[in-house]
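S.K.: Please model the complete structure; the sequences and the hints are all you need to start from.
Taken in sequence, the protein lines are chains A and B.
Numbering of the first sequence is given in this note's numbering, commencing with residue 632 and proceeding in unit increments.
Numbering of the second sequence is given in this note's numbering, commencing with residue 632 and proceeding in unit increments.
These aren't lab readings, by the way, just hints derived from the structure by calculation.
Since this is a predicted model, take the numbers as computed values, not measurements.
A virtual CB, placed ideally from N, CA and C, is assigned to each residue, including glycine.
Don't take each hint at face value.
Said to hold, decoys possible - Capping the alpha-carbon separation at 20 Å, the derived lysine to any residue pairs in SDA-like fashion look like this:
id : chain 1 : residue 1 : chain 2 : residue 2
1  : B       : 792       : A       : 779
2  : A       : 792       : B       : 656
3  : A       : 676       : A       : 767
4  : A       : 727       : B       : 805
5  : B       : 676       : B       : 718
6  : B       : 792       : A       : 825
7  : B       : 792       : B       : 748
8  : A       : 792       : B       : 667
9  : A       : 676       : A       : 652
10 : B       : 792       : A       : 823
11 : B       : 656       : B       : 735
12 : A       : 656       : A       : 804
13 : B       : 745       : B       : 636
14 : B       : 833       : A       : 676
15 : B       : 682       : B       : 718
16 : A       : 833       : B       : 832
17 : B       : 728       : A       : 805
18 : B       : 745       : B       : 667
19 : A       : 656       : B       : 818
20 : B       : 792       : A       : 821
21 : B       : 833       : A       : 779
22 : A       : 833       : B       : 689
23 : B       : 743       : A       : 821
24 : B       : 833       : A       : 818
Stated by the list, open to error - Heads up, incomplete: computed chain B residues facing chain A, CB under 10 Å, no partners named:
id : residue
25 : 760
26 : 792
27 : 827
Protein chains: 2
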Amino acid sequence: MSRREPLVLIVSGPSGSGKSTLVQKILELPGTMLAVSSTTRPPRKTESNGKWYNFISEAEFRTMIERGEFLEYAQVFGKNWYGTPRKALNEALEQKKDLVLEIDVQGALQVKEKMPGAVAVFVIPPSRQDLERRIRERGLDSEDEIRRRLDRARQEMLSYKSYDFAVVNDDLERAGLEVQAIALGSRCLVARTEENILEILKTFGG
Amino acid sequence: MSRREPLVLIVSGPSGSGKSTLVQKILELPGTMLAVSSTTRPPRKTESNGKWYNFISEAEFRTMIERGEFLEYAQVFGKNWYGTPRKALNEALEQKKDLVLEIDVQGALQVKEKMPGAVAVFVIPPSRQDLERRIRERGLDSEDEIRRRLDRARQEMLSYKSYDFAVVNDDLERAGLEVQAIALGSRCLVARTEENILEILKTFGG
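M.R.: See the structure below:
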């Protein structure tokens, strides 16, 4: 892995699994930054532009696709588009930070294929019942949407083998420590420390 | 990976790189235990039998080899024998703990070959000069031995690619946090959490 690629941490999982909260835990670590996604969905009341999402029009989104400006993108539930701009990689590299991607399962699989050195964490709800409760408590979805989200979650869970790590989100404190440990530990992956090792080897005369 | 195999954490690196101190850091984590090695070398003044090593005779060591009782073993500097008894795996499994192996580079490569699911951490001195200083400060070796240890360290450093993680031991606090993060994060490896994931999948009806 060359220095031209920052450490990319993918945090992914079914809608409602609690990805965002765990991403916030990782972002508490110094030396990490979030890849701000672009989306065509309208902002929720509490969301300001540019913090978690750049809210753009469908026309703008299509232009970015045509220009190859996305590392990954997907249309979710046949409706809104979400994508991670490629430029986030350069920003992380310039700032010498690890880049955290909070993306859905489709997007995670795309990034893993393009960047095999990316570290992918699957956030898993402890059960279907628990996931349903979380989605209902959020109060954003119709009955129809809730059913679709649960069906989709079941499908997505089957992709777990494409991930490096899985964190069951049943206890926020434990799960938070786990994702932080994964993030910190991944900095020590041999592929990421190779340049440093080779420098040290020089002091041994080869 | 089946439940019949505990999480095995190999901590390895050149003699004098500070493996033992980092192993102690890992052992501070609940749910971890050390695999006590058997060795034919005489105990140092501060060493009691059975804590870090079982001190045994060469005849006893040979019998254990013949009986296939070692997970790995090696003769170090053509002199003393060191080995990790296989029974440590069963003990860790019974106690539901992660098993930490503090072993030399030869042994680490043997274990990785037999147990590809083991997580191997390479402890690297920040430089040859630093390693030499540490070996001298320990005050256990003749000039001849110091030279041999440094030569051997250079050779061993070249094996870094066989490891999963590398930790440069230049700052004990940072390196300690790194090995702890690697240990905690490794519990979440997908291969290790698969049975749990499949249980959760059942609640989704498949």
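S.K.: Hint by hint, note whether the structure agrees.
M.R.: Hint by hint, here is what the structure shows:
1. Only pairs whose Cα atoms come within 20 Å are accepted, and residue 792 of chain B paired with residue 779 of chain A is rejected, the gap being roughly 45 Å.
2. Restraint check: the Cα-Cα separation between residue 792 of chain A and residue 656 of chain B comes to about 31 Å, which exceeds 20 Å; the hinted pair is violated.
3. At roughly 18 Å between alpha-carbon atoms, residue 676 of chain A and residue 767 of chain A fall within 20 Å of each other, so this suggested pair holds.
4. With a CA separation close to 18 Å, the supplied pair residue 727 of chain A and residue 805 of chain B stays within the 20 Å bound.
5. This hinted pair does not check out: residue 676 of chain B and residue 718 of chain B have alpha carbons roughly 27 Å apart, beyond 20 Å.
6. For a cut-off of 20 Å, the pair hint linking residue 792 of chain B to residue 825 of chain A stands: about 9 Å separates their Cα positions.
7. With a C-alpha separation of about 16 Å, the suggested pair residue 792 of chain B and residue 748 of chain B falls inside the 20 Å cut-off, and the hint holds.
8. For the hint linking residue 792 of chain A to residue 667 of chain B, the alpha-carbon distance of about 34 Å lies beyond 20 Å, and the restraint is violated.
9. At most 20 Å may separate the alpha-carbon atoms for a hinted pair to count; residue 676 of chain A and residue 652 of chain A meet this at roughly 18 Å.
10. This hinted pair checks out: residue 792 of chain B and residue 823 of chain A have alpha carbons roughly 11 Å apart, not beyond 20 Å.
11. Under the criterion of a C-alpha separation no larger than 20 Å, the hint pairing residue 656 of chain B with residue 735 of chain B is consistent with the structure, at around 18 Å.
12. A threshold of 20 Å between alpha carbons decides the hint, and for residue 656 of chain A with residue 804 of chain A the separation of about 9 Å falls inside it, so the pair holds.
13. Under the criterion of a C-alpha separation no larger than 20 Å, the hint pairing residue 745 of chain B with residue 636 of chain B is consistent with the structure, at around 12 Å.
14. Distance check on the hinted pair: residue 833 of chain B and residue 676 of chain A sit about 36 Å apart at the alpha-carbon level, beyond 20 Å; violated.
15. For the hint pairing residue 682 of chain B with residue 718 of chain B, the CA-to-CA distance comes to about 16 Å; that is within 20 Å, so the pair holds.
16. Restraint check for residue 833 of chain A and residue 832 of chain B: not satisfied, since their Cα atoms lie roughly 50 Å apart, outside the 20 Å limit.
17. Straight-line distance between C-alpha atoms of residue 728 of chain B and residue 805 of chain A comes to about 17 Å, which keeps the hinted pair within the 20 Å bound.
18. Under the criterion of a C-alpha separation no larger than 20 Å, the hint pairing residue 745 of chain B with residue 667 of chain B is consistent with the structure, at around 19 Å.
19. The hinted pair formed by residue 656 of chain A and residue 818 of chain B meets the criterion: a straight-line CA distance of about 18 Å does not exceed 20 Å.
20. For the suggested pair residue 792 of chain B and residue 821 of chain A, the alpha carbons sit about 7 Å apart, so the restraint of at most 20 Å is met.
21. A C-alpha spacing of about 18 Å is found between residue 833 of chain B and residue 779 of chain A, which places the hinted pair at or below 20 Å, so the restraint holds.
22. Of the supplied pair hints, the one linking residue 833 of chain A and residue 689 of chain B is violated, its CA atoms being roughly 38 Å apart against a limit of 20 Å.
23. Restraint check for residue 743 of chain B and residue 821 of chain A: the C-alpha separation of about 15 Å stays at or below 20 Å, so the hint holds.
24. Simply put, residue 833 of chain B and residue 818 of chain A have alpha-carbon atoms about 34 Å apart, too far for the 20 Å limit, and the pair is violated.
25. Because the smallest distance between the Cβ of residue 760 of chain B and any Cβ of chain A comes to about 7 Å, under 10 Å, the interface hint for this residue holds.
26. With its C-beta approaching chain A no nearer than about 7 Å, residue 792 of chain B sits inside the 10 Å limit, and its interface hint holds.
27. Given the 10 Å rule on beta carbons, the hint for residue 827 of chain B holds: about 6 Å separates it from the nearest Cβ of chain A.
Consistency with the previously given hints fails for numbers 1, 2, 5, 8, 14, 16, 22 and 24, ordered from lowest to highest.
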